[in-house]
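**Q** As a plain string of letters, each chain reads:
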Amino acid sequence: MTRQEKAAQFSRRAMLKTGGALVVSIGMPVALDTVLGLGRAFAQDATAVATKPPLMPDQLSSFIAVNADGTVSAFFGKMDMGHGLFVAIGQMVAEELDVPFKAVTVFMGDTATSVNQGGASGSTGIQFGGKQMRMAAAEARRVLVEMAATKLGLPADQLAVTDGVVHAKNDASKKASYGELIGGRYFNVQLDWNKQWGNTLYAPGKAKPKDPKDYKIVGQPIHREDVAPKVYAQEDFCTDIKVPGMVHGRMLRPAVAGAVPVKVDESSIKNIPGARVVLDKGFLGVVADKEWDAIKAAQQLKVEWSDAKPPFPESAALYDHIRKAPVRKREVDNKQTGNVDEAFKTAARVIEAEYEWPFQSHACMGPACAVVEIKDGNVTCWTGSQKSHFVQEGIALSLGIPKEKVHAIWVTGPGSYGRSDADDAAADAAILAKAVGKPVRVQYTRDQATGWDPKGPASIHRARAAIDAAGNVIAYEFTSKGFSRIDVNTNGGKPWDTLAGQFMGVELKPGDGFGVPAESYQFANKRLAWETIPPLLDRASPLRGAHLRDPVGPQIHFASESFMDEVAAALNLDPIEFRLRHVKDPRDIAVIKAAAEKAAWQSRPSPRKDQAGSKVSGRGIAYSQRNGTRVAIVAEVDIDRSSGKIFARKFTVAHDCGQIINPDGLKYAIEGNIVQGVSRTLWEEVKFDGKNVTTVDWMTYPILDITETPEAIDVVLIDHPEIAPTGAGEPSIRPVAAAIANAIFDATGVRIRRVPFSPDRVKQALS
Amino acid sequence: MARINLDVNGKVQTIDADPDMPLLYALRNDLGLNNPHFGCGLAQCGACTVHVDGQAVRSCVTPVSAVGNSKVVTLAGLGTPEKPHPIQKAYVEEQVPQCGYCINGWIMTAASLLNQKKKPSDAEIKDALTGLKCRCGTHMSILRAVKRASAMMG
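In the order they appear, the protein sequences are chains F and G.
Numbered by numbering that gives the first Met the number 0, the letters in the first sequence go through residues 0 to 766 in order.
Numbered by numbering that gives the first Met the number 0, the letters in the second sequence go through residues 0 to 153 in order.
Don't read these hints as lab results, they were simulated from the structure.
Just so you know, even glycine gets a beta-carbon here, dropped at the ideal spot from N, CA and C.
A few of these clues could be false.
With a cut-off of at most 20 Å between alpha-carbon atoms, the simulated SDA-like pairs for lysine to any residue come out as follows [unchecked claim]:
{"no.": "1", "chain 1": "F", "residue 1": "Lys666", "chain 2": "G", "residue 2": "Gln94"}
{"no.": "2", "chain 1": "G", "residue 1": "Lys146", "chain 2": "F", "residue 2": "Ala316"}
{"no.": "3", "chain 1": "G", "residue 1": "Lys82", "chain 2": "F", "residue 2": "Ala227"}
{"no.": "4", "chain 1": "F", "residue 1": "Lys644", "chain 2": "F", "residue 2": "Ile751"}
{"no.": "5", "chain 1": "F", "residue 1": "Lys614", "chain 2": "F", "residue 2": "Val749"}
{"no.": "6", "chain 1": "G", "residue 1": "Lys10", "chain 2": "F", "residue 2": "Gln233"}
{"no.": "7", "chain 1": "F", "residue 1": "Lys592", "chain 2": "F", "residue 2": "Gly627"}
{"no.": "8", "chain 1": "F", "residue 1": "Lys644", "chain 2": "G", "residue 2": "Gln94"}
{"no.": "9", "chain 1": "G", "residue 1": "Lys82", "chain 2": "F", "residue 2": "Ala711"}
{"no.": "10", "chain 1": "G", "residue 1": "Lys125", "chain 2": "F", "residue 2": "Ile717"}
{"no.": "11", "chain 1": "F", "residue 1": "Lys686", "chain 2": "G", "residue 2": "Gln94"}
{"no.": "12", "chain 1": "G", "residue 1": "Lys125", "chain 2": "F", "residue 2": "Met698"}
{"no.": "13", "chain 1": "G", "residue 1": "Lys125", "chain 2": "F", "residue 2": "Ala711"}
{"no.": "14", "chain 1": "F", "residue 1": "Lys614", "chain 2": "F", "residue 2": "Ile717"}
{"no.": "15", "chain 1": "F", "residue 1": "Lys262", "chain 2": "F", "residue 2": "Glu303"}
{"no.": "16", "chain 1": "F", "residue 1": "Lys212", "chain 2": "F", "residue 2": "Ile717"}
Over the 10 Å line for every Cβ pair with chain G, so calculated as not near, a few chain F residues [as the list claims (entries may be wrong)]:
{"no.": "17", "residue": "Ser266"}
{"no.": "18", "residue": "Gly671"}
{"no.": "19", "residue": "Lys762"}
Stretch by stretch, here's where chain G covers chain F in the computed footprint (C-beta under 8 Å, at least three residues) [what the hints assert, rightly or not]:
{"no.": "20", "stretch": "60 to 71"}
{"no.": "21", "stretch": "226 to 232"}
{"no.": "22", "stretch": "363 to 375"}
Make a model of the complete structure from these sequences and hints.
**A** Here's what the structure looks like:
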């Protein structure tokens, strides 16, 4: 039994728990009551009930349940995107409850069993989600000890808990197990909910969580138990869900973005068994009984598209477009200091630079997939979306039914790094299923996945520093200008944020958002700002700005941390020495020093001047914060000047995310971030012509190949048990590009200010 | 449509299928095997990889009619928790996958390599695996696992 349980496994567990009385096929939802509505022989009292209290954040039963056998179920309104989050959550819950780690099973992302804790979002799985689960588990322990005190006739303060058994501190024979106390019944305990949904949801009880010095499970390196089922082909992905009577759907997208179907010849697919067209304004899909037939139908269907004006510039003109585009919204960071404009007037010298970052694709391993079944007015959606509670809301809105009629079940998808195409697939599947009156499984094609997913937005970044006659930095200004990160929102909770809604013509409500560098450089005069520009195509666009792992973090910090290096070089200072002169936060200083020490950094200004020939090497540093987490990275890079090929050979990463829950999972999460960061830096660029995106597969949108794997990623984990844990899912991708850029400069004396550092671009820059 | 015999994971089964249909859909839909996975349909990523007579093959571009009497082995047929292929054991020990959608490509290709050469060099490992995709960036642990499996094979 894996400890991460999802819909597909849920039914198997249900059968076990009820002694095989239930016969359900894999993939069918089972009501929670079936699983936990046991033990009705127990007398009801104020703290334990047989009937489940409402699934609301102010109920302890919404987060924690003790099964009849004393094992614990934790119901989590977030989910794991591959970093083993459920292991960490299990550790936090087991720790607070004083039960063995293996006694806890974490159920994730099912709207029938969990409240909306925001889904996978902003690396907050532990920071916010874990915080809530920790408080709920602590409250459950408090209540169970109170129940034991009554049962044993002893004061609660004379009781201890060992492995889920409450016992007298001085007499272990006086005991009551959690299973005896409440097993199979629900907690009927009110929590102090802050009335927030999503990431900010917080509902503590009366209990205080443990002092970190007493931790036995938190902080331990515990492996994931979902790896073996994946390796032995025993675990289902959302792509593997099958329901009786299911047909297969495929979507059709226009060759020219913005075009809509004006004539669809259904007779062109009449030779394909069960093939049908679903057309609603710009929404166009086909279904067929068999998957291969649906694929053929989508290819064979004759469609006449409207004569849309090509909406895009050539991608070569992208940055000029951004420079010239009107600013839709400007925001200045509220930590502004001094008077930047006046300070620049007094400068002896001004250092300026501009950096460019392209659109990038999620390019998930598999195109998005969703299955939707509508039965007696009730909708079930199996989705790989990292925000299943919002999928529930989005489907309800697009089908015009109450949210309570929609059950969204998260099942591991083919990769997820933010607002990917998964949310679009769920909406498409719902509309197809309603139209054809049968359960529909829809999966996109590769060109749709890479071509039409919401994109990490393209941007330019202008930085300037004012230097006085003595060589001191007296002012610093940094401004990003780019497409919004929320042309479509972080989830599919509203029809206007999905391709389906946009193709069907709903009113648009785009948002404006970008960001500023997250660091603690102190300068007397400092201003950080961002500006957003309108999208190139306002609806159903393959270039919708959206969240991609560490939304806008890589682009902003590529620029800001490259620029810090440029200033250091201009002042002939070692890049770390320069940073340490200005960085003020003690934890920031600690990660920079830790990375430098581990990498055996030799203090000297960049660039180095001791290399000749075509193969040269360099080292670079970059650092950043992210919502409380700090990361410093030293990159060591080899460059072949004749080919322009970069080999990002070695990384040294110092990482401080406060309290570490699972150092094992943390290291793997960091490695993945570094490798994906190298990929984004060296290779990844969405290209387009006037009509559409032209990077639509792995040949046109290459990612880092195994032959380009770094030789080493040394990770230094700085643990602060006394500081509340912050995130680790994204922070370490943030400084990767700048660390590489700074290493290239160190090796060559050439500053590359546009990502990706593809061989052609590097060769050109070096010539 | 044609009746086609397929020898998959040691069992011969007959399906009715379009001869041009890629093997991938026969495995996933007609035979109910949830591995391999659809990644691109272009033989560019490896998520659909199976063994055909011991060779790693991209099932998304292999017409089902081209398989003939060859023996097809999928990830599910490569090994079991009780009797794992060394690369599977190493994958678990090294905790390789994140989302895990790509693993058919890496495991089946590495298994094919190791079955032919127990002690490949680092360069030979990378040569064998080049072109496969992993979007989560588990490259470091993939290489660790292949070396670990190689060491296990004695």
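**Q** Regarding the pair Lys125/G and Ile717/F, is the alpha-carbon distance no greater than 20 Å?
**A** violated (33 Å)
**Q** Is the claim that Gly671/F lies outside the interface with chain G correct, judged by CB distances over 10 Å?
**A** violated (4 Å)
**Q** So is Lys762/F really clear of chain G, every C-beta pair being over 10 Å apart?
**A** holds (22 Å)
**Q** Could you grab the alpha-carbon distance between Lys125/G and Met698/F and see if it respects the 20 Å cut-off?
**A** holds (19 Å)
**Q** Starting from Lys592/F, check that the Cα of Gly627/F is at most 20 Å away, please.
**A** holds (18 Å)
**Q** Check whether the Cα positions of Lys82/G and Ala227/F lie no farther apart than 20 Å.
**A** Holds - the C-alpha atoms of Ala227/F and Lys82/G are around 13 Å apart, at most 20 Å.
**Q** Straight-line Cα separation of Lys125/G and Ala711/F no greater than 20 Å?
**A** Given pair Lys125/G, Ala711/F holds - Cα atoms ~15 Å apart, limit 20 Å.
**Q** Keeping to a limit of 20 Å between CA atoms, is the pair of Lys686/F and Gln94/G held or broken?
**A** Judged against 20 Å, a Cα distance of about 35 Å means the pair is violated.
**Q** Does Lys262/F pair with Glu303/F here, judged by a C-alpha cut-off of 20 Å?
**A** Judged against 20 Å, a Cα distance of about 5 Å means the pair holds.
**Q** With the threshold set at 20 Å, check whether the alpha-carbon distance from Lys614/F to Val749/F stays at or below it.
**A** holds (14 Å)
**Q** Quickly compare the C-alpha distance for Lys614/F and Ile717/F to 20 Å and report which way the hint goes.
**A** Cα-Cα ~35 Å, so violated.
**Q** Evaluate the condition: distance from the CB of Ser266/F to the nearest CB of chain G exceeds 10 Å.
**A** The claim holds: Ser266/F sits with its nearest Cβ about 20 Å from chain G, beyond 10 Å.
Violated hints for the displayed structure, listed by number in ascending order: 2, 8, 9, 10, 11, 14, 18, 20.
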